[in-house]
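Okay, here's what each chain looks like letter by letter:
Number of protein chains: 6
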Amino acid sequence: MFHHSSKLQYNVRVDKPDPQFAKFLQQAIGGVEGEIRVAMQYFFQAMGARGDDKYRDMLMMTATEELSHIEFLGHAVALNLEGAPLTVQEEAAKDPVVNAIMGGANPRHILSSGLSAMPVNSNGVPFDMSHVYATGNLAADMMANVTAESGGRVLASRLYNMTDDTGMKDMLSFLIARDTMHQQQWLAVIEELGGWEAAMPIPNSTPQEHEATEHSYYFLNTSLDEPTPEGRWTSGPSFDGRSEFSKRDKPDPLGQKPSLGKARPHSGTQTEQQK
Amino acid sequence: MFHHSSKLQYNVRVDKPDPQFAKFLQQAIGGVEGEIRVAMQYFFQAMGARGDDKYRDMLMMTATEELSHIEFLGHAVALNLEGAPLTVQEEAAKDPVVNAIMGGANPRHILSSGLSAMPVNSNGVPFDMSHVYATGNLAADMMANVTAESGGRVLASRLYNMTDDTGMKDMLSFLIARDTMHQQQWLAVIEELGGWEAAMPIPNSTPQEHEATEHSYYFLNTSLDEPTPEGRWTSGPSFDGRSEFSKRDKPDPLGQKPSLGKARPHSGTQTEQQK
Amino acid sequence: MFHHSSKLQYNVRVDKPDPQFAKFLQQAIGGVEGEIRVAMQYFFQAMGARGDDKYRDMLMMTATEELSHIEFLGHAVALNLEGAPLTVQEEAAKDPVVNAIMGGANPRHILSSGLSAMPVNSNGVPFDMSHVYATGNLAADMMANVTAESGGRVLASRLYNMTDDTGMKDMLSFLIARDTMHQQQWLAVIEELGGWEAAMPIPNSTPQEHEATEHSYYFLNTSLDEPTPEGRWTSGPSFDGRSEFSKRDKPDPLGQKPSLGKARPHSGTQTEQQK
Amino acid sequence: MFHHSSKLQYNVRVDKPDPQFAKFLQQAIGGVEGEIRVAMQYFFQAMGARGDDKYRDMLMMTATEELSHIEFLGHAVALNLEGAPLTVQEEAAKDPVVNAIMGGANPRHILSSGLSAMPVNSNGVPFDMSHVYATGNLAADMMANVTAESGGRVLASRLYNMTDDTGMKDMLSFLIARDTMHQQQWLAVIEELGGWEAAMPIPNSTPQEHEATEHSYYFLNTSLDEPTPEGRWTSGPSFDGRSEFSKRDKPDPLGQKPSLGKARPHSGTQTEQQK
Amino acid sequence: MFHHSSKLQYNVRVDKPDPQFAKFLQQAIGGVEGEIRVAMQYFFQAMGARGDDKYRDMLMMTATEELSHIEFLGHAVALNLEGAPLTVQEEAAKDPVVNAIMGGANPRHILSSGLSAMPVNSNGVPFDMSHVYATGNLAADMMANVTAESGGRVLASRLYNMTDDTGMKDMLSFLIARDTMHQQQWLAVIEELGGWEAAMPIPNSTPQEHEATEHSYYFLNTSLDEPTPEGRWTSGPSFDGRSEFSKRDKPDPLGQKPSLGKARPHSGTQTEQQK
Amino acid sequence: MFHHSSKLQYNVRVDKPDPQFAKFLQQAIGGVEGEIRVAMQYFFQAMGARGDDKYRDMLMMTATEELSHIEFLGHAVALNLEGAPLTVQEEAAKDPVVNAIMGGANPRHILSSGLSAMPVNSNGVPFDMSHVYATGNLAADMMANVTAESGGRVLASRLYNMTDDTGMKDMLSFLIARDTMHQQQWLAVIEELGGWEAAMPIPNSTPQEHEATEHSYYFLNTSLDEPTPEGRWTSGPSFDGRSEFSKRDKPDPLGQKPSLGKARPHSGTQTEQQK
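Chains as they are written, first to last, in full-length UniProt numbering: chain A, 1 to 275; chain B, 1 to 275; chain C, 1 to 275; chain D, 1 to 275; chain E, 1 to 275; chain F, 1 to 275.
If you are wondering where the hints come from, they were derived from the structure by calculation, not from laboratory data. Please note that a few of the clues may not be correct.
Since copy identity is lost for identical chains, a pair holds within one copy or between any two.
Simulated pairs of lysine-lysine, BS3-like, Cα-Cα distance not exceeding 27 Å [what the hints assert, rightly or not]:
#1 Lys275 to Lys250
#2 Lys16 to Lys250
#3 Lys16 to Lys169
#4 Lys262 to Lys250
#5 Lys169 to Lys54
#6 Lys16 to Lys247
#7 Lys275 to Lys54
#8 Lys262 to Lys275
#9 Lys275 to Lys257
#10 Lys257 to Lys247
#11 Lys54 to Lys257
#12 Lys262 to Lys16
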């Protein structure tokens, strides 16, 4: 069950409201790299977690933290929208600089939300829940989480560069820090479960006889004119300890030339396709 | 530039066409765990790759391979739809068993595509390109790719269990194998770049002074009644070699109680909100 | 800031797991009538609330409650999926009754989530955040909330009828009850603010001179052959106390016949459109 | 059956074309607060209306009116786009003021629609029909309609402030007026059906024994540190006349600590989750 | 301006209600081949039509007809849902045949719409307005319309085969007929404008010097092992009368090998990408 | 099976990088008129092609070419983003002209993709695969393809006008040329199959007795005050050679006034709807 306390997890201060930066910040709320995504992803993973309950607990705890991130970011967006012109008669609206800034602002912050945050990204596209990755497989979910936190920290770092408001930089430095921890936290689960060798290939429970293992360890070069890029993936032991990497430079198709033959009557096709 | 040869990358054989399994297979084409996603993800990552061109080449080669996976899966869907009833007059349509199967089939395989594959998932929801994760950051992109291949192999393993058609099992065993390789291949890039210690936190180019590092290495317990789940993430050195993990059991809010005060005139709010 | 405690807000018991009912329940999680919607709607309304802070607090408290509803519904979905066949070899899968049930199940509950809840509706369509209605206008938001809770209680009542599992009926009777309260709670805000007469038209802050009031109080009959349906909306005082209702039976267009004339050169049109 | 006459329902005049305002106006066409939404919502509600046919008629009549609103708004968008620069060679395009305006314009008005209206909102996001709320329950539908018209009038009021074109202000004053009527019209249906006491809780046909009425009339405070906001919702008779409001300050969870136990074999999970 | 009359454009009769066929029919309402699409497409094309007003009129007239098609199809869906089981206690619900049918039905027809039509396709995916193709170019729009009507008639023909209800067959035969006319009607506009030779290439107003005409008339064979399929497109005069068709069997890339070099500092990439 | 060679299909040169034009170019990648759409549309049509395999081959060859178009356009976007300001400290960012340009840029090109192409349109809306039209009917598919290429050439022509960069104009002139060929190529298939008379109505395999042919050849005027626009569609032989065109000026509804009567018990409606 969820509870709430009245103070924000982190302090939000905006020294110089900036409607364009409000639009940028939306990416951290409603973007695929944003906080709604991780809050909901960890929440649904927790609800579906099978096995040792400690991972379920861990997921729910961090899901709860991410809800608090949405909250302070939402406040930051609203504070950045303070003072945005609401009518063309306002002095501000006649200022060409303001005008240029407003050209880069999200009009729905004025028209739809009344100067507050929305669950959309910096293009105004609403977040959709298909980005909540929760497979029921603990290792696959951990990878999805490291991905989300990596994208999140890349985004926060870029936002940090795009403002010179010290309040906003302070808030973003906190987000950058928490994303550092969260990246590591999910990787730590993999390590606890025996590391890559034990965890891979994901899922590690797939019986070997379900796999055409003769195709499991070569890098396939599909280029007609480029040599195979050599690296850790073309030689040496595989990470799961089961084989050696190799490469295949000239891919020969292993299948047939496909053809579906004639169309059947009553199939809604042209008559010519049926004969 | 892309080229095509006429044979499939892998052989497709369907011994006993099954419209319901055709619907299931769609998840591997147009699902978030599917082949359109990885093909397009690696393609866009390749086009945006900066730094050593060998990673760009590697990404483009595997993007090209994934296009070939779409192709043979598309053929598998069409073959599973052979013989599906097109009219209620057909004998097959009167058979209760067929009826039960068709109840679980995707009606658009008959109504919209004329018995062939569509770029949708197993619920008939079209794939949308917001799932193409490409950040420009090589390590973040590699994580996204391991995620995609993990989800892909989980899916292929589950599909393998849901059919007893030997042709389909053979095809899926090939997919399972290639997903094994692709998971490892992207992790190998991380290893080449120095491993986790060098790569993390992602992005590793964010200056330390942009980060509130006092918040970077503790696990935050947000539960009111559960003890902190102990593990590799609560003690020991952090993976980036910069600090030690710790935990914080009683989170004190660090911020203010937010309030936006009165609404401004002309803001489209109720009058009562303005006074 | 959010917190979590380990027990569910309400007890979840499933006496007879039913994968088809798991699919139905998804409507209450990820449907437009569902709990993700209200949780996020109240949350974003709270973050944008201007005026008396007590409404902000009230919104945040109920947002938090709705998060707890997602949680117990998610558990209910997972429990309904216990025992669903994971392979075609399982005995269950050969049973025609099971087969019929599975035909009506969501295949992604097996293929994608591994027998647990997803943030999708009963058609498998992911929830998208465009359904989070938050205008910054308190009265408009209250109406949106009554709407959401009305749809929610309609849905819960229909779900109640579609199961005979006593555990599920018990859980749904709790949801029905809370939706009763929440409908009333949001209407009570309108009453506190002076009732309909004071609140309407929404927004009540729009100056009268911005409104063509000669068009504000008549019902327009646009039918060529039906008489105007008479009712409270065709006569008597308007609810805002400003005028009397009337009706207009024969709508005369008040505007011009529109024409855009010729297309401009360089507009990408056909040449014929330009002369 | 629908018919059309050649003149617009209301006169459209644009004194000073403004591509940026064309973008803003799109919110009133293809936004969730816009005219496509209400036209289609009333249309689908009418088609599904059961009970007294007069509500069906009323819904269809207003649906028809809303189609006419789309039409004149579409003309207003096109007129605002007259003269927008189509080539970088045009004089206009070299003017920095024009440039600033165009930076805030929707590029698809030039690239995709050839200077005319599109069924998208002011961020260019296409309207999607999931926003057509039609439950089959008359009272729930009326609430959805008041919501839509409230959002619509808030939007029209904000648009009114964002232009100083007298033609546009005149057109918007008409929209503001019609939204006034439509808000009242749908509320009047509730009054006709006996008012809130009779209508609530929605649906009022749910048998009392399907409801855990001990949970139906208290406000739940989920905050750890805020007192319950007192108001009409914490004491006094409930609006349905069935009970008294109360409050619950310290929510005790009523349910169990959830756990799903081990994962089953063949479930595509990690082996560790299965033991 | 739009008007409505009370009778349906065509008679709707359902002899044997069938919830599964109700789901199928949804494709003709809310599918990309359906009536919402053509109604809105012709409507938006009409509003943006520049040039001879007769095409604008024609588009608006047929848009209006298509609205009437939505209306009678919506009624057909509702009639097919009459009698669908609303509770598990109903006799019907215990019947295995009913059960099988309901497994193939759309649960939202019961849970969300209360036994009536929804603006969704046969998978329950809501129609989205990105499918309204309106370019401002008359010939491009005509092609889009022939496409929509071709898909529509293919769909109606397939639906005709999937029912043996004589009422439904009668209604579908009307739809098939109107789609015949509409296909021809839009092609007739092309003929009036001088036929293909005059209309192509679309847009025919693009100056020849904007086109690399040496690449305008050859078929490009991108296959490594298939001969060029010979046909009307590989030889003979082009349809625009400007050139001769030819073929190019061995595509030589005309461009460079792309590389973006190093990443810039502050770009949120890994450090290794910047050196 | 797909292959790749390292050079682009066409040369890409950007003389003066322009982040705003990068945003515009996205329409040609991820817009409905763009290259992802045609690549995937031809690919799925090829996989579902029944009848003469030469059309399947032709479709796959051009699908492959379109993948190469995505590739060079993606490079063009990245080159246009070179030099875009990444921090507010950069000199460029202080320049008002740069500022105005950035106001019109896509912030996600900085925040999300790190200065490279994304699978989105010029509003930042991701491409979704519902726009892949593939019906299994060869003629319907050809029409869809002419439509896509017409929209594509309209777009390329408009983009050509919106830049004065000679490199970009050169690249676009190539796209314009290939779209010329592709429009013709798909029409040529219709001609090969006997031309319009043989191909129409699509599908030409629908038995005449499934069609209410008395409604197949008249233009329906649904306007109350406009005369029927006369043209090739109101008289003369129909294109399929089966009949003569006519017109119907006064549409009489052919159907009943619809009514659904009372709602059933347990349907989740208001009690008043049930009596």
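The hints, checked one at a time:
{"no.": "1", "hint": "Lys275 to Lys250", "verdict": "neither (39 Å within a copy, 32 Å between copies)"}
{"no.": "2", "hint": "Lys16 to Lys250", "verdict": "neither (59 Å within a copy, 33 Å between copies)"}
{"no.": "3", "hint": "Lys16 to Lys169", "verdict": "within (12 Å within a copy, 32 Å between copies)"}
{"no.": "4", "hint": "Lys262 to Lys250", "verdict": "neither (34 Å within a copy, 30 Å between copies)"}
{"no.": "5", "hint": "Lys169 to Lys54", "verdict": "neither (35 Å within a copy, 31 Å between copies)"}
{"no.": "6", "hint": "Lys16 to Lys247", "verdict": "neither (56 Å within a copy, 35 Å between copies)"}
{"no.": "7", "hint": "Lys275 to Lys54", "verdict": "between (63 Å within a copy, 14 Å between copies)"}
{"no.": "8", "hint": "Lys262 to Lys275", "verdict": "within (6 Å within a copy, 48 Å between copies)"}
{"no.": "9", "hint": "Lys275 to Lys257", "verdict": "within (21 Å within a copy, 45 Å between copies)"}
{"no.": "10", "hint": "Lys257 to Lys247", "verdict": "both (25 Å within a copy, 23 Å between copies)"}
{"no.": "11", "hint": "Lys54 to Lys257", "verdict": "between (51 Å within a copy, 13 Å between copies)"}
{"no.": "12", "hint": "Lys262 to Lys16", "verdict": "between (68 Å within a copy, 19 Å between copies)"}
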